[in-house]
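Novice: Sequence:
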Amino acid sequence: MKLQKEKEDNFLSDTNDMIEISKRDSYIQKYGIDPAITPVYLSYNAYKRIVGYAMRYGSNDLPQKTWREVYGILIGSIKENKEVTVKDAIPVMVGDRAYVEYRSKHYVDTAQFNTAIYERAIQDNKEDFFVGWWHTHPGIGFIFSPRDIETQLFYQGVNPYAIALVFDHCQKESKSYYLGIAGIRLKNPDRGMFATYSNSIELKFEHTMEKMVKNVDKVVKLIDKNMKDVLSEIKYIDEILRKRYLAQLQRNFGLIMVLKRDIKITDDEIEAENEDYYLYEWDPDIDKKIYRIPKFRERIEKELKKYEANLSELNAEKSDPEFRKKKAKYKKKIKEMLAKPTEWYTKIMNDFTKRIEIISPFFDFLDTDERKIIEHFEERISEYSKVLDDLKSRSEFNL
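Under the working numbering, read the sequence shown as residues 2 to 400, first letter to last.
One or more of the hints may lead you astray.
The list that follows gives simulated cross-link-like pairs (lysine-lysine, DSSO-like), each with its CA atoms no further than 27 Å apart [claimed, not checked]: (1) K31 to K49; (2) K355 to K226; (3) K373 to K88; (4) K244 to K66; (5) K188 to K83.
Rather than coming from a laboratory, the hints here were simulated on the basis of the structure.
This structure is a prediction, so every number in the text was calculated from the model and none was measured.
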């Protein structure tokens, strides 16, 4: 039995080696090098963002019981199929003590990142894209959990060069991992969840390791000193500027399109045709039918159309003195109607600008949820501004 067991073990070992060698050979033939062992060049910018965000949730200055893992994505390129360059590391989310749960909204955010990176790459004539992901193991070290293997399978399955960078602040300035970071890849991703991994992928750095650590330590100190204020400003933007001031501006002087009441979406086309308050979900004009113009904007739009019609008639008859007189009168009337919303909008934007001045130096160390609060406010206030500017432009009556 013992001899038979040894033979079985040897057979399984040989078979595993054959599978691994076969996979490696196919990659070598296709890419000219085994992607699983391709070295990685890590920029200081990417390292700074990883450490800066990671140490908000895991550092020697925090109680160990409060340490939490964080997750992000890596942006870069592949140099001649021989080296992965990591140019940026975007923080995405914070998880629990031992894992990060990727929620559905983060898949949407990641897809938006991918689109933005692609568009920027075309604009700048670069070849940047997702080259992997990064996460932290505070006090755990450079290992892969089953969840990590699953995540790496996703990245490496699409891109055989994809790298996982793992940061553990407890390893920082150690002899083996001076930067506290390691590169990990699956050796044999074709085996799925049974894949083995290497945590000793060669890492190259933009500066000397000592300089990388020294510089990032200065950044971390600034983050520790200012992050509480930064988060307070983000909360102010969400709770005060967006939910109170901008909402009040929209209620009193509505310019942004608003949802119609009593509208229901259905996938039944016949039902949508027979009932006025039902809309067919595949209707190409559904957005136009769901939203309506606020009453304040509707009133201004009516005035503008009426004045434009009056001026067009005067202009057609070439009554220049009368035309100029009427034009000045109408222009003043619209300006008066827009005076209050313009004043409120200006105050809100001035307040927002003050908050952003505090947040801006630390924007790179915010995660998706924190950035989204700022971006959402910017989108809403921008919508309001565009309509306001359009109405002002039309009030010039340059027919």
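Novice: With reference to the structure, classify each hint as holding or not holding.
Specialist: Results of checking the hints against the structure:
Between K31 and K49 the alpha-carbon distance is near 34 Å, which puts this suggested pair outside the 27 Å criterion. Restraint check for K355 and K226: satisfied, since their Cα atoms lie roughly 19 Å apart, inside the 27 Å limit. For the hint pairing K373 with K88, the CA-to-CA distance comes to about 22 Å; that is within 27 Å, so the pair holds. Proximity of K244 to K66 is assessed by CA-CA distance (about 34 Å); at most 27 Å being required, the pair is judged violated.
The straight-line distance between the Cα atoms of K188 and K83 is roughly 17 Å, inside the 27 Å bound, and the hint therefore holds.
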